[in-house]
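With these hints in hand, go ahead and build the complete structure from the sequences.
If you read the sequences in order, they're chains A and B.
If you're matching positions, the first sequence starts at 1 in the working numbering and goes up one per residue.
If you're matching positions, the second sequence starts at 426 in the working numbering and goes up one per residue.
It should be emphasised that the hints constitute simulated quantities derived from the structure, not laboratory data.
Worth double-checking, as some hints may not be accurate.
Partner residues are not named here, just some residues of chain A that face chain B (Cβ under 10 angstroms, in silico) [what the hints assert, rightly or not]: (1) Cys254; (2) Asp259; (3) Tyr294; (4) Ile295; (5) Gly322; (6) Glu347.
Pairwise CB distance ranges (calculated) [to be verified]: (7) Thr337/A to Thr795/B: 31 to 37 angstroms; (8) Gln536/B to Tyr265/A: 40 to 46 angstroms; (9) Thr795/B to Val344/A: 31 to 37 angstroms; (10) Val234/A to Thr646/B: 53 to 59 angstroms; (11) Thr646/B to Thr337/A: 25 to 31 angstroms; (12) Thr646/B to Thr345/A: 24 to 30 angstroms.
Below are the DSS-like pairs computed for lysine-lysine, each with C-alpha atoms no more than 25 angstroms apart in a straight line [said to hold, decoys possible]: (13) Lys452/B to Lys208/A; (14) Lys652/B to Lys348/A; (15) Lys807/B to Lys208/A; (16) Lys628/B to Lys348/A; (17) Lys452/B to Lys348/A; (18) Lys321/A to Lys452/B; (19) Lys628/B to Lys400/A; (20) Lys348/A to Lys451/B; (21) Lys321/A to Lys451/B; (22) Lys652/B to Lys208/A; (23) Lys807/B to Lys321/A.
Note that the coordinates shown come from a computational prediction; the quantities given were computed from them, not determined experimentally.
By construction, the Cβ of each residue, glycine as well, lies at the ideal position given by its N, Cα and C atoms.
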Amino acid sequence: MTENKEASGSGSILVVGGGISGLTAALEAAEVGYEVFLVETNPYLGGRVAQLNQYFPKLCPPSCGLEINFRRIKENPLIHTFTLAEVAKVEGGPGNYNVSIKLNPRYINENCTACSDCVEVCPAERSNEFNFGMDMSKAVYLPFEMAFPTQYVIDPVACQGVDCGKCVDVCKYDAIDLEMKEKTIDLQVGSIIWATGWTPYDATRMDKLGFGQYPNIVTNMMLERMASTNGPTVGAIQRPSDSKGPESVAFVQCAGSRDENHLTYCSYICCMASLKHATYIRERFPDTKIYIFYIDMRAPGQRYEKFYDKIKEDENVIFIKGKVAEVIENPDNNNVTVVAENAVTGEKVRQEVELVVLATGMQPTAALSKLPGDLKISEEGFMINDFDKGGMFAAGCANKPADVVSSNQNATGMALKAIQTLVNR
Amino acid sequence: MAEPYMIEPDVKFIKEIGVLGGEDLKKCYQCATCSVVCPISPDNHPFPRKEMIAASWGLKDRLVGNADIWLCHNCGDCSTYCPREAKPGDVLAACRAYAITDYAVPKKLGQMVNDPKKLWLLLAFPAVLFIVLGMVLKVFGIHWLNFSPTGDEIVHAKFFSTWLVDLIFIPAAIFAVTVFAIGVKRFLHDIHQNALMEGKTDKEKIDPVGFVKALGRVIPTILKHRKFSQCTENVERATPHMMVLFGFIGLFIVTNIFFVTLYVFQIHGPYSQLNPVKWLANVAGVALIIGALLMIKNRLDKPEQNTTYKDWSLIGLVLALGVSGMLAQMTRLAGAANLSYFVYFIHLVFVFCLFVYVPYSKLAHLVYRTLAMGYAEYSNRK
Chain A
1 MTENKEASGS
11 GSILVVGGGI
21 SGLTAALEAA
31 EVGYEVFLVE
41 TNPYLGGRVA
51 QLNQYFPKLC
61 PPSCGLEINF
71 RRIKENPLIH
81 TFTLAEVAKV
91 EGGPGNYNVS
101 IKLNPRYINE
111 NCTACSDCVE
121 VCPAERSNEF
131 NFGMDMSKAV
141 YLPFEMAFPT
151 QYVIDPVACQ
161 GVDCGKCVDV
171 CKYDAIDLEM
181 KEKTIDLQVG
191 SIIWATGWTP
201 YDATRMDKLG
211 FGQYPNIVTN
221 MMLERMASTN
231 GPTVGAIQRP
241 SDSKGPESVA
251 FVQCAGSRDE
261 NHLTYCSYIC
271 CMASLKHATY
281 IRERFPDTKI
291 YIFYIDMRAP
301 GQRYEKFYDK
311 IKEDENVIFI
321 KGKVAEVIEN
331 PDNNNVTVVA
341 ENAVTGEKVR
351 QEVELVVLAT
361 GMQPTAALSK
371 LPGDLKISEE
381 GFMINDFDKG
391 GMFAAGCANK
401 PADVVSSNQN
411 ATGMALKAIQ
421 TLVNR
Chain B
426 MAEPYMIEPD
436 VKFIKEIGVL
446 GGEDLKKCYQ
456 CATCSVVCPI
466 SPDNHPFPRK
476 EMIAASWGLK
486 DRLVGNADIW
496 LCHNCGDCST
506 YCPREAKPGD
516 VLAACRAYAI
526 TDYAVPKKLG
536 QMVNDPKKLW
546 LLLAFPAVLF
556 IVLGMVLKVF
566 GIHWLNFSPT
576 GDEIVHAKFF
586 STWLVDLIFI
596 PAAIFAVTVF
606 AIGVKRFLHD
616 IHQNALMEGK
626 TDKEKIDPVG
636 FVKALGRVIP
646 TILKHRKFSQ
656 CTENVERATP
666 HMMVLFGFIG
676 LFIVTNIFFV
686 TLYVFQIHGP
696 YSQLNPVKWL
706 ANVAGVALII
716 GALLMIKNRL
726 DKPEQNTTYK
736 DWSLIGLVLA
746 LGVSGMLAQM
756 TRLAGAANLS
766 YFVYFIHLVF
776 VFCLFVYVPY
786 SKLAHLVYRT
796 LAMGYAEYSN
806 RK
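What follows is the structure in structure tokens.
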């Protein structure tokens, strides 16, 4: 790997986070000739977008856009990618940052061809967090079928280590090293783009919404994985309790968002996500009743508004203005009754459904873990850009809750800001 | 849905609700979490979401004469789960305070009772009244007020004759009952109209017999604090409230026994400490004091809940009644004559406050909430 020790002036850019915002920022900067270091904490690139089944409102699969981005990265020698990597230290100022990157061991090197011989012999299993724990993978695994880099990875917690070593024996390419150690590398960069993204808000924290207590209450991101053909159910939307296709589904909007007790802000995407999920369900089940309980439906902009209007034409999609604040499970059939007050009619609604989807919002990574460097972070964990100071910029959902389109636009802008820091110094 | 109609926002009302403890009202965004988490709200037109928008829009008429604000027991579950921290519990408490003042005539006195700056005046009034009336009667040769009572035994009546006390307290009680009667007549009419408008009743008219029967059915609920104990947030309030309620009931019984014994059987106090009536009086007095102290503690432990002058003044009065009554007895038993007479005088002042100011104070809930619960029972509100 190249280690850029050049002094400030020309310099290079560090992009922290390999989700859609980070990928965009890295590519935009590299494709106009700047050297970029792209650091991702997961063993793969693509972030949350890689977990999605379809984008709204066009309902096209994100895999296609990601594939193009991955190819652009592969073809561009100016981009240096580090997966399983974390920024450990940031020192210096705009135009001249000294950065330490911690590289966690993958236990598998570049020789890997993703042949999967190792998976077959691996005796250990782990909960698959890519699918939100809805299935298991072996301790040696490929995060998802089109993961980039296309290299297996070993979960050191689940792996039984050198004592087992079955994978090492079976690997024809000498790709597995169970004694691989963590490394630290130092980089000198002129500017940094923080594209650290988001995490779905922990749904167990809403004590009235029953997530984690009742099997047939799932989150919107779990539904997204179920709907994906590379997901735990190979694209089938079903009740976790009995794998039955639901004849009725309730969506609980603002599950944790716009709530002073949880996330104080609107997460921006959940209304559109639930409308999109209505299309997933309709595509699979023509008669399933869909109840969407909301405070306000937020479909910003002309294209989203049109999408919302289209969903409203479906007479089996029922919108109820009222936030769900209580759930009751019927232990006999695991159906769930959601309770809300219909604020239009003034009646309490008790709707029994076969599946409940909590439209949980996004919590910025900086709210959950301390990031190194002199960053301005809001109370909610979003990074506040200081353009006067320059040097470090937040892009995408690290900066504010956003959809993919806005994240890409924002990331492109931040790439320009990062370049300006380099040029102006 | 009802017919469309033009709303007339009463901005002054919105501001007053803010002053009375509902200042976070405007944060509400009508998600209706409150109506669902409320453990005692009915399914048909639940509260407090609709009250929040009515208050927010200044629709005074939809709140003042709305029995639902009285069905609320201020558990606080709504305020805890409110995603906007708009504190619906406090807003309803403010609406109740407003309604009490609205139904009590004369309005002027109601404003004074709720104004901390007028507290000294309200306390001075009975003190002066006692002395002046006593002095005036002396001019006519009636010596019901004696500043230097003699005798071995301390008898409060030697200082303030029971005749003088009752000359004031009987009209005071009649005054309170009259003020309530005027308020209640209008209140019952209003809550019935409101229930008809909002579709919360299955009765066309209030049938007095049926209504009184329904009232009878809710009395056990009130005495046993069944609604209170459904609260999950503020459930610890049930015990002190029960102590104060039963303290008052006990003292009411004692007072009536005393009254009858005095005027019918001509037996004068003070009673022996061995007399069962005295036991009841003492137990009730202690319950009152402990209940009031626990209420103060609960309020101080919950700074996120708004506590306003109307709350403190009532708890203060309850405590003052209990402590002054108990001290008057203790100083009497200790033989501290002058001190005892003075404390007794103070106690009389507080009793006067209880009688005369009750229709204007938060204590009026004992009438309005009881009626509202009775009406909900009568109209089959579910």
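So which of those numbered hints doesn't the model satisfy? 19
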